[in-house]
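Position chain B against the provided structure of chain A, taking the given hints into account.
2 protein chains.
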Amino acid sequence: MTEVIVPDIVISRLPWYLQTLNQMAKEGLHTVSSKTLSKRLGTTAAQIRKDLSYFGGFGKQGTGYSIYYLIEQLQKILNLDQVWQVAVVGAGDLGRALTHYQGFAIRGIEIVMLFDIDPKLVGTQVGSVVVRHVDSMEAEIRDKGIKIAILTVPAQVAQITADRLVDAGIEAILNYAPITLILPASVHVQHIDPVLHLQRMMYYLGEE
Amino acid sequence: MTEVIVPDIVISRLPWYLQTLNQMAKEGLHTVSSKTLSKRLGTTAAQIRKDLSYFGGFGKQGTGYSIYYLIEQLQKILNLDQVWQVAVVGAGDLGRALTHYQGFAIRGIEIVMLFDIDPKLVGTQVGSVVVRHVDSMEAEIRDKGIKIAILTVPAQVAQITADRLVDAGIEAILNYAPITLILPASVHVQHIDPVLHLQRMMYYLGEE
Numbered sequence: 007m008t009e010v011i012v013p014d015i016v017i018s019r020l021p022w023y024l025q026t027l028n029q030m031a032k033e034g035l036h037t038v039s040s041k042t043l044s045k046r047l048g049t050t051a052a053q054i055r056k057d058l059s060y061f062g063g064f065g066k067q068g069t070g071y072s073i074y075y076l077i078e079q080l081q082k083i084l085n086l087d088q089v090w091q092v093a094v095v096g097a098g099d100l101g102r103a104l105t106h107y108q109g110f111a112i113r114g115i116e117i118v119m120l121f122d123i124d125p126k127l128v129g130t131q132v133g134s135v136v137v138r139h140v141d142s143m144e145a146e147i148r149d150k151g152i153k154i155a156i157l158t159v160p161a162q163v164a165q166i167t168a169d170r171l172v173d174a175g176i177e178a179i180l181n182y183a184p185i186t187l188i189l190p191a192s193v194h195v196q197h198i199d200p201v202l203h204l205q206r207m208m209y210y211l212g213e214e
Numbered sequence: 007m008t009e010v011i012v013p014d015i016v017i018s019r020l021p022w023y024l025q026t027l028n029q030m031a032k033e034g035l036h037t038v039s040s041k042t043l044s045k046r047l048g049t050t051a052a053q054i055r056k057d058l059s060y061f062g063g064f065g066k067q068g069t070g071y072s073i074y075y076l077i078e079q080l081q082k083i084l085n086l087d088q089v090w091q092v093a094v095v096g097a098g099d100l101g102r103a104l105t106h107y108q109g110f111a112i113r114g115i116e117i118v119m120l121f122d123i124d125p126k127l128v129g130t131q132v133g134s135v136v137v138r139h140v141d142s143m144e145a146e147i148r149d150k151g152i153k154i155a156i157l158t159v160p161a162q163v164a165q166i167t168a169d170r171l172v173d174a175g176i177e178a179i180l181n182y183a184p185i186t187l188i189l190p191a192s193v194h195v196q197h198i199d200p201v202l203h204l205q206r207m208m209y210y211l212g213e214e
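Protein sequences, first through last, are from chains A and B. Take any residue in the first sequence, count from 1 to its spot, add 6: that is its number in this note's numbering. Take any residue in the second sequence, count from 1 to its spot, add 6: that is its number in this note's numbering.
Rather than coming from a laboratory, the hints here were simulated on the basis of the structure. Idealized CB from N, CA, C, for every residue including glycine. Warning: the hint list may mix true and false statements.
Stated by the list, open to error - Pairs of lysine-lysine residues, derived as DSSO-like cross-links and limited to a Cα-Cα distance of at most 30 Å, are as follows: (1) A:K56 - B:K56; (2) B:K45 - A:K153; (3) B:K82 - B:K126.
What the hints assert, rightly or not - Computed footprint of chain B on chain A; a stretch qualifies when at least three of its residues, placed anywhere within it, have a C-beta under 8 Å from a C-beta of chain B: (4) 15-29; (5) 103-110; (6) 119-128; (7) 170-184; (8) 200-212.
The following block holds chain A by itself, in its conformation from the complex (with noise of 0.2 Å):
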């Protein structure tokens, strides 16, 4: 049996679709064509049902998608039906909101470890997690198999820190610094940097 492969650009839109369909839910509401979907997010519905395509489709002619059906399906392709454990490197500001940020739990993501290397961070506590020593980093990881990290230490250290975090068996890596990490390609990065995100619309506002 061949397996179509989904194109990247496919799988990064089904966290938002989820997300807006989590919210509709919230709203009460049961079913939505692709049409109103595609209103809400601000793409086509043609989009929409070409990406859903991939996986089955989901859809009825003419009755629309059926909410709850639809997230209990993203929710299975996109392997949330299991808590996901996750280190933290970096208890600067960042790391530390990141932490306690409430947006995770309820979204199956535990924040399970805190790294840092600043003697005055290390042993305090943020959230429900101790600040540790990066020293014990790697084992630390590879002891209770963590897959992903949360990368929010300088950009100078970046790139070693990342490099140590895959050393020690980590998979994917969501990149705070802003630094262009090189790592094999067998790894995952995603990197959020607000300067990149603001800049793309300043491109816009420069227009008038």
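Leaving out everything else, chain B in the frame of chain A:
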């Protein structure tokens, strides 16, 4: 004269090119081929050449791009040859971490206001700004002519707060609240949600 409209997906990649070129300049490099640049970015040389061709190209056949020249041109295109003043709304952990963030000032972004509704936070100092009450938000934003806001309020009040920002003249919102905002098409919105980025990677982690 008809102006070519540059696709938004192209614009979205320019800040990322710029960041990597700045990184290369720091490493002491002076020129770069589209091939070398593409390897650093994990994209293709053809993509980079095509993206830059919208703005005239900037490269000489055989010699590659002058890094400094390309940085200068990208900064002009993205309107980064000025300081942009930004208001942060929501002085929780994340809002405070962003207001403290050192990476803004060095890239031409100045956080000039921070608003919250919590009387315990109003009046406190965060970095170089004092938290102000949201009651005065519209007046102060209008008064200063601020066009860009970062939204870090809870999900339940994100839509209403965004509506107020738009009324006050805000034209671009970087939204950290985990909801899809419904706003006039003329308002630019970028959404940062670490959960969406993590979920996108979980798809691949579950494949093993």
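Going through the hints against the structure:
1. A:K56 - B:K56: 26 Å, holds
2. B:K45 - A:K153: 25 Å, holds
3. B:K82 - B:K126: Roughly 42 Å between the alpha carbons, so the hint for K82 of chain B and K126 of chain B is violated.
4. 15-29: holds (count 9)
5. 103-110: As far as the segment 103-110 of chain A goes, the hint holds, because 6 residues have Cβ atoms under 8 Å from chain B.
6. 119-128: Per the Cβ count (0), the hint is violated.
7. 170-184: It holds: at least three residues are needed, and the segment 170-184 of chain A offers 4 whose Cβ sits within less than 8 Å of chain B.
8. 200-212: holds (count 13)
Going through the hint list in order, the structure does not satisfy hints 3, 6.
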